[in-house]
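Asker: The sequence shown maps to residues 1 to 149 in full-length UniProt numbering.
A hint or two may mislead.
What follows is a list of derived Cβ distance ranges for each label pair [unchecked claim]:
# : residue 1 : residue 2 : range
1 : 145       : 96        : 50 to 58 Å
2 : 96        : 47        : 47 to 55 Å
3 : 73        : 111       : 17 to 25 Å
4 : 64        : 132       : 19 to 27 Å
Hints in this document: simulated from the structure, not taken from any laboratory.
Beta carbons are placed, not taken as given, at the ideal position from N, Cα and C, and that holds for glycine.
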Amino acid sequence: MSLTEAQITDLSAYLSSPGLIPGRSANPTRAEIDAEPVAASAADQAIPPPSQRAQASSDPLRSIKIEGDLRRDMLANIAHHRAIGTYRGRRHANGFPVRGQRTQRNALTARRLNRLERRQISTATAPEPSGEHTLCEMLAPLAHARFKQ
Numbered sequence: 001m002s003l004t005e006a007q008i009t010d011l012s013a014y015l016s017s018p019g020l021i022p023g024r025s026a027n028p029t030r031a032e033i034d035a036e037p038v039a040a041s042a043a044d045q046a047i048p049p050p051s052q053r054a055q056a057s058s059d060p061l062r063s064i065k066i067e068g069d070l071r072r073d074m075l076a077n078i079a080h081h082r083a084i085g086t087y088r089g090r091r092h093a094n095g096f097p098v099r100g101q102r103t104q105r106n107a108l109t110a111r112r113l114n115r116l117e118r119r120q121i122s123t124a125t126a127p128e129p130s131g132e133h134t135l136c137e138m139l140a141p142l143a144h145a146r147f148k149q
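All chains should be built: construct the whole structure from the sequences, respecting the hints.
Answerer: Dropping the structure here:
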């Protein structure tokens, strides 16, 4: 079964923020052909499925964490361990294996894989000026004029 583009968009919107999407109405989407009026009233008194309940806390779909939230929590936990200086935080900061693995080959692999966390921080240095004046040389006349006594 394949989904249409509109269904995929609605599903992704629901999964990205399930708390903002209201629950489905209690009205059935398809009327039953052989249903009698007595059976219809019994169906109205039945317990609605979790997505139709008024309480959001009882719906298991609303408590699922999506990928962005999980990544944010994981990075926050790593930053917390680094900030308080635990062994795990120091291992994360140095790019070594964190969970007790050997460091013969695993350290190189961990450095490669843990590099993802460091992409948020830029560590590039400014290039050396080639034949141009340095900042101090450019600001020296302005400083002399400003602080001339």
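Asker: Is the distance from the Cβ of residue 64 to the Cβ of residue 132 consistent with 19 to 27 Å?
Answerer: Cβ of residue 64 to Cβ of residue 132: about 56 Å, so the range 19 to 27 Å is violated.
Asker: Residue 96 and residue 47, beta-carbon distance inside 47 to 55 Å?
Answerer: Cβ of residue 96 to Cβ of residue 47: about 53 Å, so the range 47 to 55 Å holds.
Asker: At the C-beta level, are residue 73 and residue 111 separated by a distance inside 17 to 25 Å?
Answerer: Holds: the Cβ-Cβ distance is about 23 Å, inside 17 to 25 Å.
Asker: Taking 50 to 58 Å as the hint, is the beta-carbon distance of residue 145 and residue 96 inside that range?
Answerer: 54 Å, holds
When held up to the earlier numbered hints, the structure conflicts with hint 4 and nothing else.
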